[in-house]
Amino acid sequence: MSTDAMRPLSTTPSGSTARLGASLHVKGEISGNEDLHIDGSLEGLIQLEDRKLTVGASAKLTADVVAREVVVYGSVKGNLRARDRIEIKKDGSVVGDLTTARIMIEDGAYFKGSIEIDRTASVSETDLDKPAYSRAATVSAATTPAHVTTTAHSTTTKSSS
1 MSTDAMRPLS
11 TTPSGSTARL
21 GASLHVKGEI
31 SGNEDLHIDG
41 SLEGLIQLED
51 RKLTVGASAK
61 LTADVVAREV
71 VVYGSVKGNL
81 RARDRIEIKK
91 DGSVVGDLTT
101 ARIMIEDGAY
111 FKGSIEIDRT
121 ASVSETDLDK
131 PAYSRAATVS
141 AATTPAHVTT
151 TAHSTTTKSS
161 S
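Everything in the sequence shown is counted per the working numbering, starting at 1 for the first residue and increasing by one.
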């Protein structure tokens, strides 16, 4: 394997970003404790629980993903679960179910699937400083999932109150 394809983009005290180059095709499972930027194709499972996955513009993933944050510029077929946020950029395409605390789908992006907003996974330590009654109201509201079903570029929203 080319060392260029997997070289870190940047190295910081808190970690680095690994890169899967555009000419690489991977089948299997990827897991680790560093951010990952994919430009190639991948089929399988990606587990980066506390890290960020970036799906580059030329990337084609057929995979389920678990990460802290997922940003999609390319194509993903599979379910995405992000503890913090999922972003689908204007030329990005996702076919699958999304579970996250925060979601952003840019105008022009393609999404087909369901969205579950799960804020319980992103409760911060600062929330623990709030009064118990305030935390209870926040958790209660956060555990009520919002369901969104979209096809092509149109959006239908159902809210359970």
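If you are wondering where the hints come from, they were derived from the structure by calculation, not from laboratory data. Any given hint might turn out to be false.
To be verified - The following label-pair restraints were derived from C-beta to C-beta distances:
id: 1; residue 1: GLU116; residue 2: SER23; range: 21 to 29 Å
id: 2; residue 1: LYS77; residue 2: GLY108; range: 15 to 23 Å
id: 3; residue 1: HIS25; residue 2: ARG102; range: 13 to 21 Å
id: 4; residue 1: SER23; residue 2: THR120; range: 22 to 30 Å
id: 5; residue 1: GLU116; residue 2: ALA22; range: 26 to 34 Å
id: 6; residue 1: GLU116; residue 2: LYS77; range: 27 to 35 Å
id: 7; residue 1: ALA57; residue 2: ASP84; range: 30 to 38 Å
id: 8; residue 1: ARG102; residue 2: ALA57; range: 31 to 39 Å
id: 9; residue 1: LEU45; residue 2: SER114; range: 33 to 41 Å
All residues carry an ideal CB built from backbone N, CA and C; glycine is no exception.
Verification of the supplied hints:
Restraint check, GLU116 to SER23: a C-beta distance of roughly 35 Å breaks the suggested window 21 to 29 Å. A hinted range of 15 to 23 Å holds for the C-beta pair LYS77 and GLY108, which are about 19 Å apart. Take HIS25 and ARG102: their Cβ atoms lie about 31 Å apart, and the range 13 to 21 Å is violated. Take SER23 and THR120: their Cβ atoms lie about 40 Å apart, and the range 22 to 30 Å is violated.
Checked against the hint of 26 to 34 Å, the pair GLU116 and ALA22 passes, with Cβ atoms roughly 32 Å apart. Between GLU116 and LYS77, the C-beta spacing of about 18 Å breaks the proposed range 27 to 35 Å. Between ALA57 and ASP84 the CB atoms are about 22 Å apart, so this pair departs from the stated range of 30 to 38 Å. Against the hinted window of 31 to 39 Å, the Cβ-Cβ separation of ARG102 and ALA57 comes to about 22 Å, which falls outside the hint.
Checked against the given bound of 33 to 41 Å, the beta carbons of LEU45 and SER114, roughly 20 Å apart, lie outside it.
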